[in-house]
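Mind assembling these two chains? They're in different frames, but the hints should get you there.
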Amino acid sequence: MPYPTPETQREMLRTMQTIRRFEERASDDYHAGDIYGVVHCYIGEEAVATGICAALNDDDQIISTHRGHGHCIAKGANLDRMMAELYGREDGYCKGKGGSMHIADFDIGMLGANGIVAGGISIVTGAGLAAQLEGSDRVAVSFFGDGASNAGPFHESLNIAAKWKLPMLYVCENNLHSAQTPASRTLAHEDVAARAAGYGIPGVIVDGNDVFAVYEAASNAVARARAGEGPTLIECKTYRWRKHTERPNQPDQRTQEEIDIWMKRDPIARLVDHLKSQQGQFSDEEWDAMDAAVLKSIEASVVYAKASPFPAPEAALDDLYAD
Amino acid sequence: MREITFAQAAMEALVEEMERDPKIFHMSTDAPDALVEKFGESRVRATPIAESALTGMAIGAASSGFRPIVDWRQVTFAFVAMDQIVNQAAKIHYMFGGQAQFPILYRASVGGGGRSAAQHSQSPYSMFMNMAGLKITLASTPYDVKGLLKSAIRDNNPVIAFESNRLAGLKGDVPQEDYTVPIGKAEVKREGTDITVVALAWQVQEALAAAETLAAEGVSVEVVDPRTLIPMDSETIRASVRKTGRLIVADEAGPTAGASAEIATLVTEDPDTFSCLKAPPKRICALQVPIPYSPVLEDHVFPDRTKIVAGVREVLGIG
Ligand SMILES: Cc1ncc(C[n+]2csc(CCOP(=O)(O)OP(=O)(O)O)c2C)c(N)n1
Ligand SMILES: [Mg+2]
Numbered sequence: 001m002p003y004p005t006p007e008t009q010r011e012m013l014r015t016m017q018t019i020r021r022f023e024e025r026a027s028d029d030y031h032a033g034d035i036y037g038v039v040h041c042y043i044g045e046e047a048v049a050t051g052i053c054a055a056l057n058d059d060d061q062i063i064s065t066h067r068g069h070g071h072c073i074a075k076g077a078n079l080d081r082m083m084a085e086l087y088g089r090e091d092g093y094c095k096g097k098g099g100s101m102h103i104a105d106f107d108i109g110m111l112g113a114n115g116i117v118a119g120g121i122s123i124v125t126g127a128g129l130a131a132q133l134e135g136s137d138r139v140a141v142s143f144f145g146d147g148a149s150n151a152g153p154f155h156e157s158l159n160i161a162a163k164w165k166l167p168m169l170y171v172c173e174n175n176l177h178s179a180q181t182p183a184s185r186t187l188a189h190e191d192v193a194a195r196a197a198g199y200g201i202p203g204v205i206v207d208g209n210d211v212f213a214v215y216e217a218a219s220n221a222v223a224r225a226r227a228g229e230g231p232t233l234i235e236c237k238t239y240r241w242r243k244h245t246e247r248p249n250q251p252d253q254r255t256q257e258e259i260d261i262w263m264k265r266d267p268i269a270r271l272v273d274h275l276k277s278q279q280g281q282f283s284d285e286e287w288d289a290m291d292a293a294v295l296k297s298i299e300a301s302v303v304y305a306k307a308s309p310f311p312a313p314e315a316a317l318d319d320l321y322a323d
Numbered sequence: 324m325r326e327i328t329f330a331q332a333a334m335e336a337l338v339e340e341m342e343r344d345p346k347i348f349h350m351s352t353d354a355p356d357a358l359v360e361k362f363g364e365s366r367v368r369a370t371p372i373a374e375s376a377l378t379g380m381a382i383g384a385a386s387s388g389f390r391p392i393v394d395w396r397q398v399t400f401a402f403v404a405m406d407q408i409v410n411q412a413a414k415i416h417y418m419f420g421g422q423a424q425f426p427i428l429y430r431a432s433v434g435g436g437g438r439s440a441a442q443h444s445q446s447p448y449s450m451f452m453n454m455a456g457l458k459i460t461l462a463s464t465p466y467d468v469k470g471l472l473k474s475a476i477r478d479n480n481p482v483i484a485f486e487s488n489r490l491a492g493l494k495g496d497v498p499q500e501d502y503t504v505p506i507g508k509a510e511v512k513r514e515g516t517d518i519t520v521v522a523l524a525w526q527v528q529e530a531l532a533a534a535e536t537l538a539a540e541g542v543s544v545e546v547v548d549p550r551t552l553i554p555m556d557s558e559t560i561r562a563s564v565r566k567t568g569r570l571i572v573a574d575e576a577g578p579t580a581g582a583s584a585e586i587a588t589l590v591t592e593d594p595d596t597f598s599c600l601k602a603p604p605k606r607i608c609a610l611q612v613p614i615p616y617s618p619v620l621e622d623h624v625f626p627d628r629t630k631i632v633a634g635v636r637e638v639l640g641i642g
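Residue numbers (my numbering), protein chains in the order written: chain A, 1 to 323; chain B, 324 to 642.
Bound conformation, chain B alone (with noise of 0.2 Å):
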């Protein structure tokens, strides 16, 4: 198999789909070059900066048999299309009683790092889990990335495709060949007994690395990745729970009402992985401010495998 990097991955996936369905075409504020080549500059519209207009036009030309992608670049600037994103494309389906589909990708980069201050660095995903009528993927991979991008093309649902940008650069097997990854369905990356690790988009990446020291001190973590936040596979994560008796949520957003709350929650409100419980969750996240600039502010707001370690040792009960 060949390594790609994640935002190779994520550019495939929208090749290679655009190739199959002349019905999809791209809608952003600037127009992948990859893609104009390709397709032209009807399929590949470099739009106004109106990201409100470009939301609520996919949903009229998904109603009319189109399979629209609207590249909101970063997660920052969807906020200008809330109305159209919550008021209309998470209830359109629904509210007119389930009459026509609205296949819609909406993709979004989350995540800090870039010292880039708080206004582009962020990653309310849980604002949208709370909208319902979307479905929302948050790939840790290379892989997982261009499999989820195909599968959220292809569902006849709006779907926010929400990628870490601190990901994009990040090589991994992809094979040539096509293949989905299933909306709704969790990963194991790493099997162990000791502890379940679910974990974020990035953080999957910050776990992974964690385990690995652990491991050899002899501690055992298991690294779950949901992939999908909504749909949200919480048969997968229960298992892992029941197997291990511990668990962290590992998430670079903000700990308040989120992904990581909900996680928490679905664990411990069913009453056979509750039981099996050896010691409270534990959240890994952000701390619950505006991101910072200066890296010595920023690094500190945020989780990683230094923080992950110290967490699964104080779960554990060890130093």
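Next up, chain A with everything else stripped away, as it sits in the complex (with noise of 0.2 Å):
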């Protein structure tokens, strides 16, 4: 498959760095204070949500994890609502009843994150379901991580939507761990893209830390999911540079050796690497360019949440129904 044009290239470079941009500015607030609970970070993972999310409509569905920010972005979700949320303010996309790990813009196609491991993999299958009733050409995409691969939705949901040829994709983030246990310990089979094989459907392994190869495996099941074949499952091999939260007293067991070897793979410098590497097509002043835009605009979120009100006390009881 031949590369994205430049500028998609230079899109997908400036979504990864806003999402690290984001994320390093959220957990500073975070350890700050302005922010509360629980923060994970996708930081080390970017070309995942980014290559899956390239290769999209507008109008096609993603629902993801309680590791969120990256989705959220790939997809679209306006950065002032997103900090506003986390901020939690009434500007924020749940009006501060979410936070972190419950952020969704249903209008963009985002069902959400969500703070139970596998907790989305149904709903999202719905989401595609819906698609096929239709008869709309759309896509749906369920994120979930390595860990959630061996919960029961996983399994149920696959099934469903190969037997029903659903137009999905299954993007597994295997950052090899889930929390503080690594996947050594738990996956059976280390692929996870093995157990397609059980559903009769692709499972596809890429390098979840190469923006074009994601983008490439997504182009193709994207193509079969709208052409109706079904679902594909794939693997992203990637790597969460930080702790699984950024709780000041997270445990880690991870050794810096296994961290050092990933950062060196580090998404973001490759996809920086290959630009530069074609002839005049991007200077380190560009480079510098658009990090300067994008931590402009990560501090204008930060601006546009701390001038959104929190909510009134009394809206804790708003939303409780739809009428």
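Note that these hints are calculated values from the structure, not bench results. Every value quoted in this text rests on a predicted model; they were computed, and no experiment measured them. Idealized CB from N, CA, C, for every residue including glycine. None of the hints are false.
List time: in silico BS3-like cross-link candidates among lysine-lysine, alpha-carbon distance up to 25 Å:
#1 B:K361 / A:K163
#2 A:K243 / A:K264
#3 B:K605 / B:K508
#4 B:K346 / A:K163
#5 A:K306 / A:K296
#6 B:K566 / B:K605
#7 B:K605 / B:K512
#8 A:K165 / B:K361
#9 B:K566 / B:K512
#10 A:K296 / A:K276
#11 B:K346 / B:K361
#12 A:K165 / B:K346
Cβ pair distances, simulated, as ranges:
#13 A:P251 / B:R396: 41 to 49 Å
#14 A:D323 / B:E558: 17 to 25 Å
#15 B:N479 / A:A179: 31 to 39 Å
#16 B:A441 / A:A312: 46 to 54 Å
Take a look at the structure:
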């Protein structure tokens, strides 16, 4: 498959850098006490959400996990409203009722981050069923971790989606760990993708730190789904740079050696190198300017979040039911 | 008017609503023939035995503009879907700040009496009542079940319709014309002046029979049927108790943290109603055990009309 257009490549880079800068800031503000509860960072895995979402149309739908900022940003969510949600403010996506683990934007086909491991897999499979029932050519994408692949909803949903040929992408972000437990201790077979054989669907393994590889796998899977041929399981081998959560006392069993190896495979540096290697395509100055613009948008989102009021306490009673 | 059974009335509600609205589709581990024949296998899906997935898929399909119906068949089988019910369906509208609507009907039969033993005889609706964000119906007549199911299907929220399996064959008047029974409205099933029996589902039928027996002795029993557990029509219940001054709650479920406990509290915590009470409220419920198999044991565990008659006499201090 040819590379995406230079413009798309830059867009991918901008998205990945936005995810990284957003989370660096979210982490700082969390430690400063402006963001509450728990924050899970996606840094190191940016190529997965970016490569997958680059292959989607605006009306395609995705569902996310507890580690959801990257999926939101890659699907085109508004940074201001995301940050305001982390800040617990009225103008946040969920009016301050969700926080980091529960950002959704149904208007852009982002059906929500989810605090329950594997909790979203069947929900988004229902969105795929809806697309099929409607006769639309929408596809639906489930992002989930290696840990989630061991849970029941993964298996129930893949079986149904395969049997009914639902227009689905199941994207496993295998970052080799679930919380403190290495995947080597929980996966019966080291490749989650191998399970696809049991459902008679393609199981594809890609370098999850290579945005082009992810994009290519996604494009193939999207084409298959739109053609009515059913779901694909894509396993992206990747790694999170930071601990499982940003909690100050968050334990981490991983070795520095392992972390160092993966940080050398930085998906963003790889894309920058690629762009720079294209004669005259991308200069240091352009990269600096892009990063500065990204940082500016993040800063603006914090300004927006801080300017947004906290919800009125009584708003806790709003939105229990739809009218 | 014509008489049909509770089960027929329920099926009519589904058929009529599916005819009315093409966005409704049905998923269950066995597809009902009556629906498949009318609407085909695409809209009436026989699914793998994967209640958790069905429960979640309904949420996703609902957010995409459909109005799914998931029949868990027995509440027993809903327990494997608890994450999707409790953590997802109940919370998703609220947690995301009211962004999207999730019009879903989940159906489940409840109750005992079938000599089916503990796993297939239970009425755990109060577990679900505890989860903010769901609506819950519990019909006692063919008329009500049809009207409530129609309301549930048209509601823009996840609604769980619990249906007592003891009532499946109960016959009653059901009009041919379209009608609904509003969610959140109780009904006085029999007027009386001496005591209020708030009864749920099958117990409504038992309470009506008990009221008939007691009427012959000159005791006037009012039977109130909440019809929906969430939201609960506390005003109708309180008004009845203010009139009679006495309350019995009859429920096929066990009493502990049950709907019966909720109803008794709604009555006693209201100062105006409390001041009208002439006797302490009484609950007539199943014994708090898993439901046993042997007929002698099972019948001992459940409340029935005889126990309601005895309870009324006790509260009134007669014999
Ligand atoms: C059902 C459930 N069990 C446990 C947890 C606690 N928990 C949150 S994230 C997590 C690890 C998930 O690992 P994985 O699916 O690989 O995703 P990753 O965090 O690596 O992105 C755990 C155990 C949970 N949220 N839900
Ligand atoms: Mg993981």
